[in-house]
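Protein chains: 2
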Amino acid sequence: MRQAGRSLPEYRRARRNESILDAVRVPALAAELTMQPVRRYGVDAAILFSDIVVPLVAIGVDIDVVAGRGPVVEAPFRGPDDLARLRPLEPDSDTPYVIETVEILVKELSVPLIGFAGAPFTLASYLIEGGPSRSFSKVKKLMLEEPGTFDRLLDRLADLSLASLRSQVRSGAAAAQLFDSWAGILSPHHYERHVLPASAKVLSGLADLGVPRIHFGVGSGELLGMMAAAGADVVGVDWRTSLADARERVGPAVAVQGNLDPAACLAPWTAVQAEVSRVLDDAGHLPGHVFNLGHGVLPETDPGILAEVVRMVHEAPPAPPRP
Amino acid sequence: MRQAGRSLPEYRRARRNESILDAVRVPALAAELTMQPVRRYGVDAAILFSDIVVPLVAIGVDIDVVAGRGPVVEAPFRGPDDLARLRPLEPDSDTPYVIETVEILVKELSVPLIGFAGAPFTLASYLIEGGPSRSFSKVKKLMLEEPGTFDRLLDRLADLSLASLRSQVRSGAAAAQLFDSWAGILSPHHYERHVLPASAKVLSGLADLGVPRIHFGVGSGELLGMMAAAGADVVGVDWRTSLADARERVGPAVAVQGNLDPAACLAPWTAVQAEVSRVLDDAGHLPGHVFNLGHGVLPETDPGILAEVVRMVHEAPPAPPRP
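Note that the protein sequences, when read in sequence, are chains P and Y. When you read off a place in the first sequence, starting at 1, and then add 171, the result is the number in our numbering. When you read off a place in the second sequence, starting at 1, and then add 171, the result is the number in our numbering.
Okay, chain P solo, but in the shape it has when bound (with noise of 0.2 angstroms):
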C-alpha cells in the first residue's frame, strides 16, 4: 500500500525536509523511499514513490503538496478556459526523474514494481476544489453544470494518468495501479455517466502491455462492479465492504485487493491478529484475492505490527486449488 513509508523511522530521516514532489524529482531518493518498506517488510511487491499531481505538475499546473492537507492548487479549474492549461504529458521530458526512478528500482528490487497514476476523477476533484475538501460541491457543481467541460477535463486527464502509466510500464514496471481516492464520493449514476468513460480509457489503453491492471477506490464499494468493467484485472476494496460481497460485485474474472482497516493496525497484536483472521477467512484463501490494506499506512502506525501482519500472511496456509 502507498504510504507504507511514511511510518518508518529510516524513511524520515531519507525524506528530512524535502517537500514529497522535491524528493518525486530525485531519482536515487525516490527509489531508496520505494524500498524501504519492501525491506523492512518484506512484501511481495513494492509500489513507486511518487504522488498522484506529479504529471499535472510536470505540465506546468501550479500545485503544491502540503504537509497534512494534501494537494492545494494555486488557480483552481473554473470552466472551459481551465482546458488549455492541460497539455498532453510527454514523459521523456516532462518526468524523467520518474523514469529514472523506475529503471533503478528494476534493477534493484527483488519483487515486482508497481507503476501509479491518479485516476482522471481524483485528479480533476484536486484541481477544481483547489484543496481538501469534505462536500465535494465544486466539483460535482461543475459536472453537472457544465458536463461537456468537465467530460472533457477528464478525458484530458485520462490521457495524461495513460501517458504516464503506460511510460512506467515501459520502463520496467510490472503492474500499474489507478487511484480514483475520491470516486466513492459519487452516486452509482454520476459516475457511470461521467467518471467511468475516462477511467476506461485509461485502463484499456493499458490492454496490450499486458501487465496486471489495479484499479483503486476508497469507499467506493457501490462502484466496484463498474471499476472491474473499467477495464481492471484487480479491484480495491476496503474495509466497509465485506471481500464476499465485493466478489460478487466484480465478478468472477477480477480479483479483489484489501481490505483491512489501516486503523486496526494501531491496536495491540492480538487484535490486529483478529483483524487478519478475519481478512484471510473472508477471502477464503483462494486465488483472486490480494491482501492488502484498504487505504494508505496511518503515519502513527508502528513498524513492528506491519512486519508482524506481512508475517502472518505469508505463513497463512496456501490457496487450494479454484474448485
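Honestly, the hints are just simulated from the structure, not real lab data. The model shown is predicted, which means the values in this text are computed figures rather than measured ones. A couple of the hints might just be wrong.
Simulated restraints on C-beta separations [unchecked claim]: (1) P/S304 - Y/D416: 51 to 59 angstroms; (2) Y/D416 - P/G302: 27 to 35 angstroms; (3) Y/G239 - P/N188: 25 to 33 angstroms.
Built from N, CA and C at the ideal position, the CB exists for glycine as well.
Got chain P; can you put chain Y on it based on the hints?
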C-alpha cells in the same frame, strides 16, 4: 433534512451570533428555527432544531460546537475512567428547554415534528476523537484495544439517546430519528459486533411509544440491512447507494429515505430537475420511500432551488397501490 435552515437569510437573521448550543437553550428561538424551513419550503415534516451533543452537554461534558468544525471536546475520552463522566440524562431537569421547544412546536406546526438524537457510535466518535477526524483512528483504536470499555461507553450513550428521544416523543414529537452520521466508517463486522447492540437498544426502547423510528447514516450503504434490523421503520440512504440496492438490503418491511445528493442542489434548476426525476423514478413512485436529501443542506444552497425541489416532489404522480 437537518440544517435545512442554515442556507436561509431568515435563519441567519434569527440566530445572529448565538452559538448553536445557546440557541437550543432558548425555546422560542429553537422553535422559530425549526419552523423556518417548513414555512419557506412547505415540507411535510419538521425536524427539531438541536445538535446531537445537546444531551452530553446537559450532563456536564465540556463540548463546544465550533462553526465550520463541529463539536470539539475539551477533554477527550481515553479509557475506562472516563465512563464516570457520563451520568444518566434526566430530561425534565437536564434539558427542560428541549421539552419546552417541542411543546411550542406541537402547538404551532401544521406538520408532524421529528425528534432527534445522535446514535451511540457517532456520539462516542466525538467524545474519543475530541474533534473532527479523517481516519477516526482513536475511536477505532479504543474499540479494538479496550472492547469492554468501548461497549460500556456505547451502552451508556444508548441510554442517553433513548432518554432524550423518549422525552421528545412524550412531549409530542410524532417520530424519532437516530443520527449515526459516522457509522459508515466501520467495517460491517465491527458495526455488527460493537455498534448494532447499542443502536438496537435505543430503537427497541422506543417501540412501546408507537412512533415511526428513522435510522439515519451517511456512507453507510453496506450497513443498511443491519441498520434496519436494529429496529428501524425507515432507513436513511445517501446518494452513494441506489434506492434499488437499498430496498433489497433493508427488506420489504422497512421504508427508505433519501437519496438526493445535497451537492446536486448547487446546480442550475434544469440539472437539479433531472436529479430529482431520477430519485423519483428509482423510488418507483411506490409507498415506502420518503423523498429527502442524502445528507444535510449545504450552506451555499440557493433556497429557491430547494423550494422548487419540494414543489416538484409534491407534484409528482401519486404512488400507485403496492402490488
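Comparing the hints with the structure gives:
Our hint of 51 to 59 angstroms for P/S304 and Y/D416 is violated, since their Cβ atoms are close to 26 angstroms apart. The hinted window of 27 to 35 angstroms between Y/D416 and P/G302 holds, with their beta carbons roughly 32 angstroms apart. In this structure the hint that Y/G239 and P/N188 lie 25 to 33 angstroms apart at CB holds, the actual value being about 30 angstroms.
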